[in-house]
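As you go down the protein sequences, you meet chains X and E in turn. The numbering of the first sequence is the working numbering, which starts it at 1 and goes up by one. The numbering of the second sequence is the working numbering, which starts it at 1 and goes up by one.
Incorrect hints may appear among the rest.
[As the list claims (entries may be wrong)] Straight-line Cα separation of at most 30 Å, DSSO-like style, residue types lysine-lysine; simulated pairs:
| id | chain 1 | residue 1 | chain 2 | residue 2 |
| --- | --- | --- | --- | --- |
| 1 | E | Lys-56 | E | Lys-2 |
| 2 | E | Lys-67 | X | Lys-57 |
| 3 | X | Lys-9 | E | Lys-104 |
| 4 | E | Lys-107 | X | Lys-9 |
| 5 | X | Lys-57 | E | Lys-2 |
| 6 | E | Lys-104 | X | Lys-14 |
| 7 | E | Lys-107 | E | Lys-56 |
| 8 | E | Lys-67 | E | Lys-2 |
| 9 | E | Lys-67 | E | Lys-107 |
| 10 | X | Lys-57 | E | Lys-104 |
[Unchecked claim] Cβ-Cβ distance ranges computed for the label pairs, FRET-style:
| id | chain 1 | residue 1 | chain 2 | residue 2 | range |
| --- | --- | --- | --- | --- | --- |
| 11 | E | Tyr-39 | X | Gly-53 | 30 to 38 Å |
| 12 | E | Ile-111 | X | Ala-2 | 34 to 42 Å |
| 13 | E | Ser-20 | X | Glu-52 | 48 to 56 Å |
| 14 | X | Gly-98 | E | Pro-112 | 25 to 33 Å |
| 15 | E | Ile-111 | X | Asn-100 | 29 to 37 Å |
| 16 | E | Ser-20 | X | Ser-18 | 40 to 48 Å |
| 17 | E | Ser-82 | X | Gly-16 | 18 to 26 Å |
| 18 | X | Thr-5 | E | Lys-56 | 24 to 32 Å |
| 19 | X | Gly-53 | E | Asp-78 | 42 to 50 Å |
| 20 | X | Ser-84 | E | Ser-52 | 38 to 46 Å |
| 21 | E | Arg-77 | X | Pro-102 | 21 to 29 Å |
| 22 | E | Gly-16 | X | Pro-102 | 44 to 52 Å |
[Claimed, not checked] Partial list, derived from the structure: chain E residues whose beta carbon lies under 8 Å from chain X:
| id | residue |
| --- | --- |
| 23 | Phe-34 |
| 24 | Leu-46 |
| 25 | Asn-92 |
| 26 | Tyr-98 |
| 27 | Gln-99 |
| 28 | Phe-102 |
| 29 | Gly-103 |
Bear in mind the hints are in silico, worked out from the structure with no lab data behind them. Every residue gets a Cβ at the ideal spot worked out from N, C-alpha and C, and that includes glycine.
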Amino acid sequence: NAGVTQTPKFQVLKTGQSMTLQCAQDMNHNSMYWYRQDPGMGLRLIYYSASEGTTDKGEVPNGYNVSRLNKREFSLRLESAAPSQTSVYFCASSEFAGVNQPQHFGDGTRLSIL
Amino acid sequence: QKEVEQNSGPLSVPEGAIASLNCTYSDRGSQSFFWYRQYSGKSPELIMSIYSNGDKEDGRFTAQLNKASQYVSLLIRDSQPSDSATYLCAVNAGAGSYQLTFGKGTKLSVIP
Chain X
1 NAGVTQTPKF QVLKTGQSMT LQCAQDMNHN SMYWYRQDPG MGLRLIYYSA
51 SEGTTDKGEV PNGYNVSRLN KREFSLRLES AAPSQTSVYF CASSEFAGVN
101 QPQHFGDGTR LSIL
Chain E
1 QKEVEQNSGP LSVPEGAIAS LNCTYSDRGS QSFFWYRQYS GKSPELIMSI
51 YSNGDKEDGR FTAQLNKASQ YVSLLIRDSQ PSDSATYLCA VNAGAGSYQL
101 TFGKGTKLSV IP
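Please work from the sequences and hints to get the whole structure.
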């Protein structure tokens, strides 16, 4: 009964380092999303993938890249980490990209960049 | 810029009372509305969805939608200390959009 699984759960990076956040879902969902959550800012969409083979920018895509590896997996990459990217990152999925489709969230990755 | 506004709180209610959480949104074309509960340090958990005007009830939770006033609310009856959390309102970002815009959340504290 895993749902949406994110790895790692915690990570500390130095400025300029790169890393990839992993997300996998076992609900056979078509659409996947990456958000960041900062105090006082709420959840903001970074990138999303409406279906396997497609990705699109969200509200705050700068400094990030994504890969939809297959239907189950959607990764988020920070090429050169900056302190402003310190945040909690959530991956979410929905059955498909539709107006009335609720999104289901993973447990999050807490990322600190020094 | 599409906006979803919530009172940040904290909203304090005694155990057993009704908690009323409110949300307004800016885009008249929005069609789907969701309430998520987020415990401190945890991920958002979907608790209610509503798509048409009126009330929708699920257990102790009632979602209310008024599209003319661009207003959606969540009522929690018989509030319990376990309901203490931050409640996030999410709205689809305009007509036909499946992207969600989230409010910053209202922190609810249920006092035993």
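_Enumerated hints in conflict with the structure, sorted upward_ = 13, 14, 17 and 22
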